[in-house]
Every structure is written in structure tokens, then in C-alpha cells.
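Construct the entire structure; sequences and hints are all you get.
Protein sequences, first through last, are from chains A and B.
The numbering used here puts the first residue of the first sequence at 1, with every later residue one more than the last.
The numbering used here puts the first residue of the second sequence at 1001, with every later residue one more than the last.
What the hints contain is simulated information worked out from the structure, not anything from laboratory work.
Please read all numbers here as calculations on a predicted model, not as lab measurements.
Note that beta-carbon positions come from the ideal geometry of N, C-alpha and C, so glycine has one too.
Worth double-checking, as some hints may not be accurate.
Claimed, not checked - Cβ pair distances, simulated, as ranges: (1) Leu-735/A - Ala-1134/B: 18 to 28 Å; (2) Asp-1094/B - Lys-192/A: 23 to 33 Å; (3) Val-320/A - Ala-1134/B: 45 to 55 Å; (4) Thr-331/A - Gln-1086/B: 51 to 61 Å; (5) Gln-1033/B - Leu-738/A: 51 to 61 Å; (6) Leu-735/A - Asn-1141/B: 15 to 25 Å; (7) Gly-368/A - Gln-1033/B: 24 to 34 Å; (8) Ser-1003/B - Glu-247/A: 25 to 35 Å; (9) Ala-1084/B - Ser-584/A: 53 to 63 Å; (10) Asp-694/A - Lys-1091/B: 49 to 59 Å; (11) Asn-613/A - Asn-1141/B: 10 to 20 Å; (12) Asp-1094/B - Arg-696/A: 35 to 45 Å.
Stated by the list, open to error - To spell it out: a stretch of chain B is covered by chain A in this simulated footprint if at least three of its residues, at any positions, have a beta carbon under 8 Å from a beta carbon of chain A; those stretches are: (13) 1023 to 1035; (14) 1108 to 1119.
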Amino acid sequence: MNFPRRDFLKSGGALVIGFRLREALLGQSRLDTTARNAVPGPPDAKQIDTWLAIHADNTATIFIGFAELGQGNSTALLQVAAEELDLDMRQLKTVRLDTSITPNQGGTYSSASIQRGGPQVRTAAAEARFALLQLASKNLNTPIDRLTVAKGIVSVQDNPAQSVTYGALVGDKPFHLAFTGTAPVKTPAEFKVVGTRVPRNDIPDKVSGKYVYMQHMRVPGMLHGRVVRPRGQSAYGAGVKVLNVDEASIRNIPGARVIHRGNFTGVVAENEWDAIRAARQLKVTWDTTPTLPGSAALYESMRTAKTTDRVVLERGDIGVFGNAAHVVARTTYHGPYQAHAPFGPNCALADVKSDSALVMCSTQDVYGTRGKISTMLGIPLEKVRVQYYEGSGTYGHSCYDDVAQAAAILSQAAGKPVRLQFMRWDEHGWDNYGPAHVGEVRAAADAAGKIVAYEYHGWQHNWSLLETSEQLAFGKPAAEWPGAAAQGVSAANTGGIYATPNLRIVNHQVPGTAYLKGGWLRSPLDLSVSFASEQAIDELAYLLHMDPYEFRKRNITDERWMGVLDAAAKAANWTPRPAGPVQSGAKIVTGRGIGLGTHLVSYGGAVAEIEVNKETGRVVAKHLYGAIDAGLTVNPAFVENQIGGQLVQAASRMLKEEVTLSTTNVTSLDWNSYPILRFEECPEVTPVVVQRLDQRSSGAGEEVMAAAAGAIGNAFFDATGVRMREYPLTPARVLAALKQG
Amino acid sequence: MASELKVKVNERSWKVTAAPDTPLLYVLANELQLQGPRFGCGLAQCGSCSVLVNGVETRSCVTPVSAVQGKSVTTLEGLPALYAAQKKLPKAPDLHPVQQAMIDEQAVQCGYCFNGMIIKASELLSKVPQPDEAQIRTAMNGHLCRCGTYPRVIRAIQRASHSMMAEIVK
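And the structure:
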């Protein structure tokens, strides 16, 4: 089919749907997704056919614009559709993301799938159901209000034998209907599928080995490619300067060929091992002029940089900090660069011809990547097609765009399709890292335990706009994402949680080109901010000899923050006692901490129970409890799995993960130099979903990590009586802090 | 230089042409087009490429193909048949009990590491049918997961252990 471009909106609302539908079905072609392939997307979001198709066998395909990343959204969005269509989950399927097939719902980030995607899928499905009921009404000669639907079979209420299936009504034909968004949707009281624990549809193939990951894709006639870069990036603005390439150095690998474009260097070969060996062996001389501050001077460099400052939120008068009757907590905190470090490095397959390009990759945003490829190659948007294949979990803007661009550059030069697999050091060394952060926080409370003033200043740089491959190949200047939002400090994670009359939150944007490439890493900046802010809140409780849970309760008026705080405390069986440690002389001491936080939307609360070995400095998270209120939770089981993953990943990031850099380049390039949490160090996790059927769905894929970060910091103090001002809590850092006291 | 080598993978013999120092992973992925073992680090640090060589978990990304000549390689795809042979079952089940347990526990997120998780867990249970939690953690410690599925993987291995014991009783 061709996508209907006619604008039905002007012909009115839902009342005309029936007429339009009947008209549309006369003599229409069968729905065929292969025909969609001929039309570059995005398909018209204002057409029902863009969102779903009903097949003759009484099943349906739902076209979704969000990427399955292992979080289960390809199942959860089908639950939403099943609910509104009155279809069984087994009658529904979806297709892979493709710029010629699936709608553009924006990227799969900011926990958007259910928050933004859910309502679109829901209303499209509801509208399709309404249209189907109108057809059934005519077919069965019965008014709609006397029809019922189950599993796609429409039957007459008093006479179930009189029935017709969706498949029989429209099977494989397009609706040709405008998506008006006016059809009534079900109320939570009517839900049968939404809110239930449907199992994930991707798991069976993932455990059997049948699931096709990006890394598995091969096409006939393709070459294997590898990029050749310095091991570890230098400053974003400096890029890479190639001084010399000695092609003779790979003469003993006849199958391999060197490809240059500007400062971009790569190799291609028919045999993958030849490509790997050639990339390793090729002698390239790079300019190694120091461009970075190095790990030791990083925070000082950021703190003294000339910044662009912006007041995020201000209320009351923070002049009250001068009141001597108050207790005040005031400290500077440091959070490191951290890597996405997908477990399988990114991979892409590109076939670039003179006037068109096909790129397969693991992007979180097929349409965004299409734009980047089109701009870079100078090939019109409609001639570039991007298809999504799930890779290893990405947790934000890892190297998926970079690898896609690099594959396209190699394919264009080689004149053949090229499959490019990044090596471990490419991914670890050339990531768009979650930016480092300096947080200066001060908070004051009165003797009654009320927070009377709160101030937060945050220093970090923005995210990089330019992919490395494009920067190196075409010499484009490094640029950063404009604005702040998730790139900067947000009120939702700082004093904004608490009902403080006097508050000031200021963002100090550091110019990013003198630092590492930045990008959104799961719960961007939030772990660093909560590590600082929630420790300051805890410190006030300590100074007032109050229980930190009780202290928070006294300062929260929002029932949803209160809900997650209570849920986490209850799960952990929290018994009130004043904050601050009962110090013991034991070698191994234990502590507990509580924290709040989120990522812009939703609400997260956490409790951490940890163990600190005072002789070795080793910190082990023993048990983490995490609660998320994400409004209406479509599938509580998926959110529980997400919470469990977030808690483990938060423990990993707080205890182990840090990108290290010299003055010339990043030096953490694999799992030894960038360690992550392992089985033997893994905490027990207790996830709690705070279900709120009456609230709009919001994200649940990253919203408890910040709370866990704060809770871990507070648990360390509870165990040792010492505040950690910088993470990760590595043995060396812990021993130094304990020594200092 | 490339030479002709014989490898036995999932109980079938294959003739492949490859340089003898080619890591087994690339032969399995490119010549045999198997999807179980997959590239993760190329440094034997993560376990995504794991296979069984004569029943022992081995990192195929650093094992030259020439080193497995005359040995029996089992990948994720061959686990159900291997299990049937180990347990003398009349016919291979659709899934190894560890695979089934990963589904039952909904342990997976992105799933990329689950090749190695399942291979290693199957090796563990073939040697230690009823491991306690500490034994599971120690055995699995060389396998990384970035999504944070460890707690569910531990539960799934315990579940698989129970179902395998039940099988014996039956």
C-alpha cells in the first residue's frame, strides 16, 4: 500500500469514520508491509494504518516507533494495544524499527516508550476498535451498544452465535482512516491486560540463540571493517590528527585494505580476522600533544573554567543561611565520567551506493540516525534508510551513531557493504561519556527539623553533538548540544524534592570541547547530584540527631515523593534511629542509608545496606531496596526487572566505575581498567512498584538510580562516621577518606 | 596463511578454511553462522563468546581454531542435545533446563551476555548438581552483565538445579 496522505481531519471527527472506512475498503489493495518499503518514512502519524494493521487470520501488527533495548517495551506497548483492541496478546505482533515502515515517535530515551508512546498506541488502537465496531454493527445488523468483543471476535450481546471477526471485517486491507485521537479509551477499571504481568516476548529467542542481534547481521558480498584510532580519545575539540600512515606495515595481510578520509582511518577485509589483525598492526603516527587536564586535575579544571551560568530554580531568600540558630551542611562533591560500555561493543552494517544508503545499527532513534547519515554523506534524507537491530544494552548514547557513520564512510570508500564491529577499546575509549560533575551544596534546618534553606551549584559540560567519525573524516568543528534540561542540574533531584521556602539551584555550564565527549548516560547526571544532595540532607538529620527517614518525611509535602520514600523504607523494614553511626572497632562494619531521586519525571526512593572493610577499603552493597512511582505501570513485572537492573547498575557505578584519563587520552579501555560489578559483589535487590492507576504513565527505566546513589553514600556514613565526597567508593579512595576521618 | 581445518561443533564435523591462529569465535560466527557465541571484548574478560570445549567453558575469542581440532565444541545451540546425551534422554529437549529457567525467572534484559551465562551455568550444574548460592557466585564471577541481571541469574540457576534433580528422581 501507499500511505494515505489525504487529510481526513478536516472532514470531521469520529462520526464520519464509519463512512470513510466503508468507502476506503471498497476495492482497496491488500495491506502489505513490503509495499511500505517503497515509501521513505516517516509514515503519516495522522493515519490509523501507520500504527496498526488487522490481518485476515484475525491477528494484528502494531507498528511501534520505540526500540526494544531489553526493557520490554515491545511487549508492554502490545499490552496497551491489546487492551484497547480487545485482542489476546498472542494475536499481536510488532516489526523491527525501519525508517520505511515504522512511525516516528522520537527516540527511545528519557524513558519515553510508555510515557510518550503509550498514549499514541492506545488512542490509535481505540480508534481502530471503534471503526471495527462500526463495520461489525453493519455486518451483524446490530447497534454498537449491543455488541461485545473478545479476542477480536465481535458478537451480539444476547446472541453470541451471531458474530464476526476483525479479520473477516478488514483482513489485510488498510483502514484509510484519519487518526483523530477522539475515540474513547478504556478506563483503568476496565483494564484486563494493562497492569498485568505478561511475560516478555523477546526472552525465549534470547535464551535459545535464535534472537538476531545487530552483531549477527551479515549480507552477501560484504566486507568486515575496523576503525583505527588512538587507544582512548583526547579532548573533544582536538579530535585526532594523523601524521603518518605506514600502509606497508600490513603488507603481510594481503586481504586487508586501508581506507582514509581526512583523519579517519580504517581497514576493510573479506575475512574478519584479517580486518582485526590489520587494524591492530597498521602503524599510524598520531599527534600526541596533551589536550586534557588528566584525572588528577579534572575537577579543579572544571571548577575554575569560565562557565555559562543559569538559575534553574529560585524561591524565597537564601539570605537566611546567615541565621545562627540553624544547623548547616555544606560540602563539595565530585562525580566521575562514566562509560555506557555496552557489553557487546556497537556494530553497524552499511551499504552506501552513489545515490542511496542502507544502514543497519542499534540506534535508539532510527530517524535521528538517518538525519545524521544523510547530512554526512550528502545523500537526500529520503534516499537513506535506517533499520534497527537490537544490540547489547546501550543505556544511552553509546557509540551507535558513531559506528553507523564509520560503517557508512567505509562502505562508500570500498564500494561494498561493510559490517563494522567496534572493538572493546573503541567503545570504551571513544564513548560519549556521562559527564563528570562538581556539586557544591549547602542546606540549613531549624531546631524543629524543617529545612529552611537549600542551595545547589553544579558544574559540568553539555553533550557532544558531533560523532567522532564525522569529525575525523570531514573536519567538522566540535559542537555541543544547546540548552540544559537533562544536561544540567534539575530541581527534581535536588532541593526541589523538599518543601523548602528558600531555595536556589544554579547550573554552571563548563565549555565542553576541552574535555571528553559527553552524552546521555542512563539517568544523566542524577547519580552525581543525588550523591551530593541526599548526603547534605542526611547531614542535617545527623546534626539534629534525627532519624533520616523521619527527617525527610517532615520536609516532604508531595504525596508521590512520600509514597516512594515510605515504600522503600517499608520494604527495608526501616526502624527509626538517629542518623549517624554507632561506631565499632570491628574490621568489617555495616551501615544503612536512605535516599530519594529521579530522572526528571517519576519518583524514586531507595534504601541501601552496605558493608565496609576498614582494613582493605572494600565496600560491598549487601541489599538494595528501590521503589518507583511511574504513574500507571503497564507491566509491573517489567518495572521490577528494571528496578533490579538499576539497583545493580547503580551499585556498580557508585562503587567501581570511573573513566580515567591522562593528559593525552582516556586510559580506561576494557573491563580491567574500567571494572564493573561482578557476581560475587552483587547485592540482593528488592524492587517495589508503586502502582498509580489514576496517574499518567511516566518513565521507569532509570528513575531509581539517583535515589540508590544517595542511599549508598548515606549508608557509608552510617557504617563509618565518615562522609565520602567523591565516588566511586574504591578501596584506595575509601582508605584515604577513613584515614583522614 | 589459511589452511583447511576440521572442527567438531555440536556433534557435527565441519571442514573450514582459516588461518590456524584465527580465534574460534570468528569461525563459529562467520563460517558456521552460529549465533550463540558472540563478540564482547576479544580479551577473555567478559564471557560473551563462551563455548564448551570437551565440556569445559572456554573463551572462544582467544582460543585459536587450531587448538580445538580433535575436540568437541558445544555452543548455546547445541546445549539441549548435550544435555540429552549427559542425561541419557531418548531425545533432546527444546531447551536446556538452564535456558528454560532463564525464561521462567524472566532473568533477561538485553540478553547479550546470556550466551555466556547459560554456557557457564550448564557447565557448573554438570559438575555440581546442587550448588549453594556462594558456589554459584564464585563459578559465575568471570561472566559480566551490564544490565544488572545477576540476582535473577542466580535464582534461575537454582531453579534449573531443582528441575534437573527432579528429572533424576523421575
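- Message: Checking each numbered hint in turn, tell me which of them this model violates, lowest number first.
- Response: Failing hints: none at all.
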